[in-house]
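**Student:** Put together the whole structure using the sequences plus the hints.
First to last, the protein sequences are chains E and F. Position 81 of the first sequence, counted from 1, bears residue number 77 in our numbering, the numbering being contiguous throughout. Position 42 of the second sequence, counted from 1, bears residue number 92 in our numbering, the numbering being contiguous throughout.
Take these hints with a grain of salt, some might be off.
Said to hold, decoys possible - Think about it this way: if two alpha-carbon atoms lie no more than 30 Å apart in a straight line, the pair counts; the simulated BS3-like pairs of lysine-lysine are: (1) LYS136/F to LYS74/E; (2) LYS25/E to LYS135/F; (3) LYS25/E to LYS74/E; (4) LYS74/E to LYS135/F; (5) LYS25/E to LYS136/F.
As the list claims (entries may be wrong) - Covered by chain E, according to a simulated footprint, are these stretches of chain F (three or more residues, beta-carbon under 8 Å): (6) 60 to 71; (7) 75 to 85; (8) 91 to 103; (9) 115 to 129.
Unchecked claim - Pair by pair, the computed Cβ-Cβ distance ranges are: (10) ALA141/F to ALA8/E: 38 to 48 Å; (11) ILE73/F to VAL53/E: 23 to 33 Å; (12) ARG137/F to ILE22/E: 21 to 31 Å; (13) ARG107/F to THR77/E: 19 to 29 Å; (14) MET69/F to LEU64/E: 19 to 29 Å; (15) SER67/F to GLU0/E: 44 to 54 Å; (16) TYR123/F to GLU80/E: 26 to 36 Å.
Note that these hints are calculated values from the structure, not bench results. Here a beta-carbon is modelled for each residue, glycine too, at the ideal position from N, C-alpha and C.
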Amino acid sequence: MNFEELFWVLQAMVALGLLVSAIAAIRFKNLISAVIAMAVFSLILSLEFYILQAPDVAIAEAGVGAGLTTAMYLLAIKNTTDEEVVE
Amino acid sequence: MTVDGAFMWALILLLFSAMLTLIRLLAGPTIPDRAVALDSMTTTTAGAMVIYGVVTRQAVFIDVALVYAVLSYIATLYIARYLVKKRIGIAERPEGETS
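**Tutor:** Shown next as structure tokens:
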């Protein structure tokens, strides 16, 4: 296996993971589950930046996705409700 | 098989096991299942990032894995604090049973 083949295999796996986790983040009715799925989406997106040779962007995405948005969404959900309400 | 080939296969297998934890995240009936799946997936992917840095021989790529390992710990900590506060995933004890 040379590097070219490895690159395309990684791209295929990352694309599949992005699609699956994005659909999960939209479809989950429990909001904590949706936040966890969005953390996974951010992780795989950071891996994609990393594979495309942009480690600085990957570090920024890791900081924002894993640290900031997860904590802020959880703080917001803690003060309201964790089940999706349809009016 | 060269050493680089072995590292590439290890990388692909690590990402495949990350996909298996993604299945647990989709199927897991309770929220603690999903939180553990997220944590395990982050750890596996950090290992894959280190191996990718070895394959491409660039030391900058190791730093991303370090930063992600530290930050994912914070995310898991926040989810765990929420679960403890709402008492999700804690089994209710029957009446009269002590400790």
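**Student:** Where does the structure disagree with the numbered hints, that is, which hint numbers, in rising order?
**Tutor:** 13 and 15
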